[in-house]
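Sequence order for the protein chains is A and B. Using full-length UniProt numbering, the first residue of the first sequence is number 1, and each one after it goes up by one. Using full-length UniProt numbering, the first residue of the second sequence is number 1, and each one after it goes up by one.
Hint data in this document are derived by calculation from the structure and do not stem from the laboratory. Be aware that a few hints might be false.
Claimed, not checked - Label pairs and their in silico Cβ distance ranges:
1) B:429 - A:53: 56 to 66 Å
2) B:295 - A:246: 14 to 24 Å
3) B:106 - A:122: 42 to 52 Å
4) B:234 - A:263: 48 to 58 Å
Said to hold, decoys possible - Quick partial rundown of chain B residues pointing at chain A, CB under 7 Å, derived from the structure:
5) 193
6) 357
7) 358
8) 384
9) 385
Unchecked claim - Which chain A residues stay away from chain B? Per the calculated CB distances, all over 12 Å, these:
10) 54
11) 58
12) 62
13) 108
14) 123
15) 167
16) 210
17) 226
18) 240
19) 242
20) 252
21) 274
In this text the structure is predicted, and so the values were computed from the model without any measurement. From the three backbone atoms N, C-alpha and C, an ideal C-beta is built for every residue, glycine too.
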Amino acid sequence: MSAIPLSPRWSARFGRQPMLLTGLAILGAFVAMALLAPLIAPYDPIYQDAAVKLQPPSLAHPFGTDNFGRDVLSRVIWGARIDLQIAVIGVIFPFLIGTAIGTMAGFFGGWVDALFMRIIDVVLAFPFLVLMLSIIAILGPGLGSFYIAMALVGWVSYARLIRAQILVLKTQDFAVAAASLGFSRLRIMFRHLLPNALAGSLVFVMSDAVLVLLNGAAISYLGLGVQPPVAEWGVMVAEAQGFITQAWWITLFPGLAIVTLAFGFSLTGDALADLLGVHE
Amino acid sequence: MMKNLTRAAILGLAMTTGLVSIAEAQGVLTIGRREDSSTFDPIATAQNIDFWVFSNVFDVLVRVDNAGQKLLPGLAESWDVSDDALTYTFHLRDAKFSDGTPVTSEDVAYSLTRIRDSELSLWSDSYKIIKDMQTPDAATLVVTLDGPSAPFLSTLAMPGASIISKAAMESMGEEAFAEKPVGSGAFTVDEWRRGDRVILKKNPNYWDAANVSLDGVEWISMPDDNTRMLAVQAGELDAAIYVPFSRVAELKQDANLTVVVDPSTREDHLLMNQEHAPLDNVKVREAIDYAIDKAAIVDTVTFGIGEVANSYIPKGALYHSDDNGARGFDPEKAKALLAEAAAGEISLDYVVNAGNEVDEQIAILLQQQLGNVGITLNLQKMDPSQTWDMLINGEYDLSVMYWTNDILDPDQKTTFVLGHDVNMNYMTRYQNDEVKQLVADARLEMDPAKREAMYAQIQKLAKADVHWIDLYYSPYISVTRKGVENFGQNPLGRFFLEETKKTY
Numbered sequence: 001m002s003a004i005p006l007s008p009r010w011s012a013r014f015g016r017q018p019m020l021l022t023g024l025a026i027l028g029a030f031v032a033m034a035l036l037a038p039l040i041a042p043y044d045p046i047y048q049d050a051a052v053k054l055q056p057p058s059l060a061h062p063f064g065t066d067n068f069g070r071d072v073l074s075r076v077i078w079g080a081r082i083d084l085q086i087a088v089i090g091v092i093f094p095f096l097i098g099t100a101i102g103t104m105a106g107f108f109g110g111w112v113d114a115l116f117m118r119i120i121d122v123v124l125a126f127p128f129l130v131l132m133l134s135i136i137a138i139l140g141p142g143l144g145s146f147y148i149a150m151a152l153v154g155w156v157s158y159a160r161l162i163r164a165q166i167l168v169l170k171t172q173d174f175a176v177a178a179a180s181l182g183f184s185r186l187r188i189m190f191r192h193l194l195p196n197a198l199a200g201s202l203v204f205v206m207s208d209a210v211l212v213l214l215n216g217a218a219i220s221y222l223g224l225g226v227q228p229p230v231a232e233w234g235v236m237v238a239e240a241q242g243f244i245t246q247a248w249w250i251t252l253f254p255g256l257a258i259v260t261l262a263f264g265f266s267l268t269g270d271a272l273a274d275l276l277g278v279h280e
Numbered sequence: 001m002m003k004n005l006t007r008a009a010i011l012g013l014a015m016t017t018g019l020v021s022i023a024e025a026q027g028v029l030t031i032g033r034r035e036d037s038s039t040f041d042p043i044a045t046a047q048n049i050d051f052w053v054f055s056n057v058f059d060v061l062v063r064v065d066n067a068g069q070k071l072l073p074g075l076a077e078s079w080d081v082s083d084d085a086l087t088y089t090f091h092l093r094d095a096k097f098s099d100g101t102p103v104t105s106e107d108v109a110y111s112l113t114r115i116r117d118s119e120l121s122l123w124s125d126s127y128k129i130i131k132d133m134q135t136p137d138a139a140t141l142v143v144t145l146d147g148p149s150a151p152f153l154s155t156l157a158m159p160g161a162s163i164i165s166k167a168a169m170e171s172m173g174e175e176a177f178a179e180k181p182v183g184s185g186a187f188t189v190d191e192w193r194r195g196d197r198v199i200l201k202k203n204p205n206y207w208d209a210a211n212v213s214l215d216g217v218e219w220i221s222m223p224d225d226n227t228r229m230l231a232v233q234a235g236e237l238d239a240a241i242y243v244p245f246s247r248v249a250e251l252k253q254d255a256n257l258t259v260v261v262d263p264s265t266r267e268d269h270l271l272m273n274q275e276h277a278p279l280d281n282v283k284v285r286e287a288i289d290y291a292i293d294k295a296a297i298v299d300t301v302t303f304g305i306g307e308v309a310n311s312y313i314p315k316g317a318l319y320h321s322d323d324n325g326a327r328g329f330d331p332e333k334a335k336a337l338l339a340e341a342a343a344g345e346i347s348l349d350y351v352v353n354a355g356n357e358v359d360e361q362i363a364i365l366l367q368q369q370l371g372n373v374g375i376t377l378n379l380q381k382m383d384p385s386q387t388w389d390m391l392i393n394g395e396y397d398l399s400v401m402y403w404t405n406d407i408l409d410p411d412q413k414t415t416f417v418l419g420h421d422v423n424m425n426y427m428t429r430y431q432n433d434e435v436k437q438l439v440a441d442a443r444l445e446m447d448p449a450k451r452e453a454m455y456a457q458i459q460k461l462a463k464a465d466v467h468w469i470d471l472y473y474s475p476y477i478s479v480t481r482k483g484v485e486n487f488g489q490n491p492l493g494r495f496f497l498e499e500t501k502k503t504y
C-alpha cells in the first residue's frame, strides 16, 4: 500500500518499461487515426459503389471492399472514432460515479455504507450483459442508451474497489492525524484519502476499457448499438458474417482493429499496475 | 484385445455380406433448417417452419401440385360442386391414420370444424364461409357454404386445414396431441426433441406408402447459416434449406452438392405507414417508388438470383398481371414529384429486423438511394419480436416485410393486403373503398375470366395508389448432397418428401 510514488526514480523506470511504451504507442496510433480520419481515409466510408463490390485487397483498396462496394480500410479508420469514443465514455462515467460512491461508503460507514453495498449486491445479482441488454431494450437502441446502461451497471466495480481502499486508509496514522488537526471531513476524504486510493482504480480503468470496447462491439453486433450506415467495427464484423467464406477481408480487418486496440489498453493497464505497485 | 478382434471380424463379415446396420440409417434424410417447429396442432400456427413439416405428417382434402399450378386429389379422391356453387360433396379415399384407424368423413368434419370454431385457430376467418357439414356415410362429406366462394377449394389445401384423427385428439387432449400428432401423411412424428430436431419415420399406413422411398426424415435446427452450409458440405447433413443468396455461387462449384432452386411465391416489399405525414400524400409515395433502384437490390442483396417485382401477386402465381403501371427507376422524376408535393424536408423512421442479413442490406441500400433524392432514413435496428408489434401499433414510417402464399388462390393475400380487414391492410393503413369493394366482389365471382379481369384492375388501382412498394421476387433455395433425388418444394413451400429418394 503506498501513495502514488512520484519519486525521481519513477521517470527512470518509465523509460525502461517496454510494455508501457508499446501500449501507449498503440493507443496513440489509434487516437491519431481517429483524429485524422478525414485526412487519411482514402474514400468516403459510407459511399456505395456497386461496380467494385466484394473486391479482395488490392492497391486501390488495401483492405478490399464490402458487399456494397464500400472501402474497408476507410471504414476501419472512421470506425476508430466510434470505438475509441465507446471505450472512453463507457469508462469515464462508471469511474466517476463509482469513485464518488465508493469513497463515501468507505469513509462514512454505517447506514450509508450498508445502503450502497445493498444496491451493489442487487446490481451484481444480475448477469452483466443481461442487465445491459434489458436497460438498452427499455431505452431504445443507440449509443446514448449504451452509455447510460454502462453508467448504471459499470460503477459497482469501481465503488467496491475504492471502498476497500478507503476502509484500510482511514485507520492509518496520516488520516487519524488529519482528523485530529480538525480538517473537515470533505477535505480528509478528497485530499488525503482518495489520491492514495486511486492507483488501483486507474489500473482497473485500462482493463475495464477493454471490456467496454468489447461490450460496445457486442451490443452493436446484436443491432442495439450503433445504427447503420455508421462504420463501427462490431457492426462491420456482424454485417459481413454471411460473407466470411468468400470475402474474409470484410470481417478480418475490423476484427483485427478491435483486438489490437484492446491489446493496447491491456498492455498499458498491466504496465501501470507494475509501475504503481498495484497487484490485481 | 480379443474382444476387439472379434468385433472387427464381425464387422468385416457384415460389410462383405452387406448386412451392416447403417443400411437402416441409409433411408433417413437429414435436413438442416434455421428454427425448430413450434407445434403440431395444425390450426395453432401460421409459420412456414411448422406448415412445411405438416405437409408430410398430415394430409389435406385437396393438394396443390408440385408446380403450384392446380389442385390435385388428396384425402378426397374426387369432389362434385353443385350448380349454385354452394354445396361441395367430397368422396374420400380408403386411407388410414398412422395408428391404423381409418380416416372417416367424421374426422374430416371434425378437423374443419376445429379450424373454423376453435379458440386456438389462427385461421377461423377463412373458414367462416362453411355453414354446415353432413356425413351421410364414412366416405362422403357434404359441405354447404353461406355463399359462393371462388377460393374455397384452395383453402382446403392449406396445411392448417390438415385432417387429424378425431379419436386421437379427444383421447389425448390438445396439448399432448400438439406434441405427438396422429395424422395420415406419408410420415409420422416418432420423436420431437424440442429446440433440436423433429424425427419423422415412414408411416406404413399411408395410403400411398408403397411409393414412399425414405424410411424417415430428420428436421434438424441449426440457426447459423454458415454452420448449416458447412454441415452439408462435410456430409453431416443430407440437405439444408434457407441457403443465403451470397452462398449459392460457391455451393454450385462443389462437386458433391446440388443446389435446388425452386420457384416460390415469396415477395419482399416496402411497407409505408400511410397514417404518417408525408406518406399520406400519394405523390410522396410515388416519388419513393421512382427513387428505389430495384435492380440494384436484386443485384446486391440476392446476387442476381431474385427478380424485380412489379405486383403484389407474385410472377407465375394465379392472376398475376404485368400490365399494372409499375414504375421504373427514375430519380429525376422522384425529385420532381417531391417538389410538386412540397413536403419540405423528409425524414423517415425505418424499422429493420436486427440480425436479418437480407433486411439489413436492403435498409442500407435504400438509405443511400432515398438519400440521393433528398429523403433521410433513420434506421432503427430492432429485435424481430419487437418489430412486429411496432408495425401493428403503427410506430414506424417504413419497413421491409415479405409474404409467401399459403394457398393457390390470390384471395388470401389480396384480402390481407388490400381487403381492409382487421390488420389494416398489412399494417400500411392504406384506404381505398373502390379497391375494398373489388376485393370482396372478386371472392364471389365464379367465372375465371371475369375474375382475372377483376384482379388485373385491383393490381392497377393498388399500384396507382402505391399501397406499398414491390421490391423483388425470390426463389426457395436448398442444397443437397449428390445422390438425393426429387428434393424440393412447390411454390407454396410444400416439400414433396414422399417422392424424395436417397441413393447412397
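Here is what the structure says about each hint:
1. Roughly 36 Å separates the CB atoms of residue 429 of chain B and residue 53 of chain A, a value that falls outside the hinted 56 to 66 Å.
2. Hint check: residue 295 of chain B to residue 246 of chain A, Cβ distance near 22 Å, so the stated range 14 to 24 Å holds.
3. Between residue 106 of chain B and residue 122 of chain A the C-beta distance comes to about 60 Å, which lies outside the given range of 42 to 52 Å.
4. Distance hint check: the CB atoms of residue 234 of chain B and residue 263 of chain A are about 34 Å apart, inconsistent with the given range 48 to 58 Å.
5. The restraint placing residue 193 of chain B at the interface with chain A is violated, with a minimum CB-CB distance near 26 Å, outside the 7 Å limit.
6. Taking 7 Å as the C-beta contact cut-off toward chain A, the hint placing residue 357 of chain B at the interface holds, the least distance being around 5 Å.
7. Of the supplied interface hints, the one on residue 358 of chain B is violated, with its beta-carbon coming no nearer than about 9 Å to a beta-carbon of chain A, more than 7 Å.
8. Checking residue 384 of chain B against chain A by beta carbon gives a least distance of about 10 Å; that is not within 7 Å, so the hint is violated.
9. Because the closest C-beta pair between residue 385 of chain B and chain A is about 10 Å apart, greater than 7 Å, the hint is violated.
10. Not every beta carbon of chain B lies more than 12 Å from that of residue 54 of chain A, the smallest distance being close to 9 Å; the non-interface claim is violated.
11. Under the 12 Å C-beta cut-off, the non-interface status given to residue 58 of chain A relative to chain B holds; the minimum distance is some 20 Å.
12. For residue 62 of chain A, the requirement that its beta carbon stay farther than 12 Å from each beta carbon of chain B is met, with the minimum near 23 Å.
13. For residue 108 of chain A, the shortest C-beta to C-beta distance to chain B comes to about 43 Å, beyond the 12 Å cut-off, and the non-interface label holds.
14. With a least CB separation of 24 Å from chain B, residue 123 of chain A remains clear of the 12 Å interface cut-off, as annotated.
15. Under the 12 Å C-beta cut-off, the non-interface status given to residue 167 of chain A relative to chain B holds; the minimum distance is some 43 Å.
16. With 12 Å as the threshold on Cβ separation, the claim that residue 210 of chain A sits away from chain B holds: the shortest Cβ distance comes to roughly 25 Å.
17. In this structure residue 226 of chain A is not separated from chain B by more than 12 Å, as the shortest Cβ-Cβ distance comes to only about 9 Å.
18. Its beta-carbon lying about 10 Å from the closest one in chain B, residue 240 of chain A breaks the requirement of being farther than 12 Å from that chain.
19. A Cβ of chain B approaches the Cβ of residue 242 of chain A within 12 Å, the least distance being about 5 Å, so the stated non-interface status is violated.
20. Listed as outside the interface, residue 252 of chain A is consistent with that label: its C-beta sits roughly 15 Å from the nearest C-beta of chain B, beyond the 12 Å cut-off.
21. The beta carbon of residue 274 of chain A sits about 42 Å from the closest Cβ of chain B, which is more than 12 Å, so the claim that it is off the interface holds.
Hint compliance for this structure: hints 1, 3, 4, 5, 7, 8, 9, 10, 17, 18, 19 are broken, all remaining hints hold.
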